[in-house]
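Take a look at the letters that make up each chain.
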Amino acid sequence: MRRVLLATAIAFPIGAAGAAGDAKRGEELYARCAACHALAYDRVGPRHCDLLGRRAGSVPGFDYSPAMKHSRMIWTKENLSRFLANPMGVVPGTTMTYAGVDNSQERADLIAYLGTANCNKR
Amino acid sequence: MSSFLSIPDPMAARRLFLGRSGVLLSGAAVALLAGRDVLAAKAGDSKAADAQILNTALGAELEAIAAYQVGAESGLLQKPTLALALQFQGHHKEHADVLAKTVQKLGGKPVAAKRKYSFPVEGLKNEADVLRFAAKLEQGAVSAYLGAVPLFGNRDLSKAAASILGDEAMHWAVLRNALGENPVPSAFVS
Numbered sequence: 001m002r003r004v005l006l007a008t009a010i011a012f013p014i015g016a017a018g019a020a021g022d023a024k025r026g027e028e029l030y031a032r033c034a035a036c037h038a039l040a041y042d043r044v045g046p047r048h049c050d051l052l053g054r055r056a057g058s059v060p061g062f063d064y065s066p067a068m069k070h071s072r073m074i075w076t077k078e079n080l081s082r083f084l085a086n087p088m089g090v091v092p093g094t095t096m097t098y099a100g101v102d103n104s105q106e107r108a109d110l111i112a113y114l115g116t117a118n119c120n121k122r
Numbered sequence: 001m002s003s004f005l006s007i008p009d010p011m012a013a014r015r016l017f018l019g020r021s022g023v024l025l026s027g028a029a030v031a032l033l034a035g036r037d038v039l040a041a042k043a044g045d046s047k048a049a050d051a052q053i054l055n056t057a058l059g060a061e062l063e064a065i066a067a068y069q070v071g072a073e074s075g076l077l078q079k080p081t082l083a084l085a086l087q088f089q090g091h092h093k094e095h096a097d098v099l100a101k102t103v104q105k106l107g108g109k110p111v112a113a114k115r116k117y118s119f120p121v122e123g124l125k126n127e128a129d130v131l132r133f134a135a136k137l138e139q140g141a142v143s144a145y146l147g148a149v150p151l152f153g154n155r156d157l158s159k160a161a162a163s164i165l166g167d168e169a170m171h172w173a174v175l176r177n178a179l180g181e182n183p184v185p186s187a188f189v190s
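The listed protein sequences correspond, in order, to chains A and B. With the first letter of the first sequence counted as 1, position 122 gets the number 122 in the working numbering; the numbers rise by one all the way through. With the first letter of the second sequence counted as 1, position 1 gets the number 1 in the working numbering; the numbers rise by one all the way through.
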């Protein structure tokens, strides 16, 4: 798996990591995630508050795919951008069966918004 | 939006996607939702990947059914709106039913409804709150199906997912209209 992640990291440049994200625009874009995700509670996908810096597959009680659980990935801005660009390519076997967010600015905006989502704030 | 393709050649786009996602296409034209089971049985390596995509959609549909139930039982919906909510819930039940059957036909195990769902019920104080909550879920469903359509190895499943996408988009538009918002805020969905 480590090799897969490394290969993916090489194949997909960081893109959004360097771009300045607009959290307000990110909040609007987050509506796209609303079929499966919420900030404060788990749904089809896990909660997103306090996501940055969290280890992938680590929300207690959430039923992750084995692929995500064992990805050994930390949700840094860079990793998040790569994952959002191509979820199934970065973590083959993920249950996030979504083609991805192609636009690097949109990814940066989403990540900026997610960076504001604090589980205590709700 | 100037073009649907960042790459002018659709075949090149297809090759790029396959290279990126690792999804394998069998080349077999399977039509489970059209009832062509014999062809479906001949499908190859992409069946498991397709079943996973459908299972994720099924999980979201089951949650939507539960969400509409919360709305219906909230006592906040007036008669015509309640009827609409129950109609939309019925659509989600139909989606869930056909998705579960298709997952099974592909050799997968359909996900079951959770015993308990978390919904922001404390924020639902009136009919508009319930409608806004439902509209948000429907908008998300449109995006989720849009993100799933290009992933299927079996194009008939893409067509079926697009059909569900259209239904979710109608739900979203009707709910926005009921809220007094522009029902169709843009020419494209994303």
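Among the clues, some could well be false.
If you anchor each label on the Cβ, the simulated ranges turn out as follows [said to hold, decoys possible]:
1) B/Ala162 to A/Arg25: 25 to 33 Å
2) A/Pro60 to B/Ala83: 19 to 27 Å
3) B/Glu94 to A/Asn120: 19 to 27 Å
4) A/His70 to B/Lys116: 36 to 44 Å
5) B/Gly166 to A/Gly53: 24 to 32 Å
6) B/Asn126 to A/Tyr41: 15 to 23 Å
7) A/Arg25 to B/Glu181: 36 to 44 Å
Straight-line alpha carbon distances no greater than 30 Å define the calculated BS3-like cross-link-like pairs of lysine-lysine that follow [unchecked claim]:
8) B/Lys114 to A/Lys69
9) A/Lys69 to B/Lys109
10) B/Lys136 to B/Lys101
11) A/Lys24 to B/Lys125
12) A/Lys24 to B/Lys136
13) B/Lys105 to A/Lys69
14) A/Lys69 to B/Lys125
15) B/Lys136 to A/Lys69
16) A/Lys24 to B/Lys101
17) B/Lys93 to B/Lys125
18) B/Lys114 to B/Lys93
Bear in mind the hints are in silico, worked out from the structure with no lab data behind them. Source: prediction; values computed, not measured. A virtual CB, placed ideally from N, CA and C, is assigned to each residue, including glycine.
Violated hints, by number in ascending order, as checked against the structure: Violated hints: 2, 3, 4, 5, 7, 14, 16; rest satisfied.
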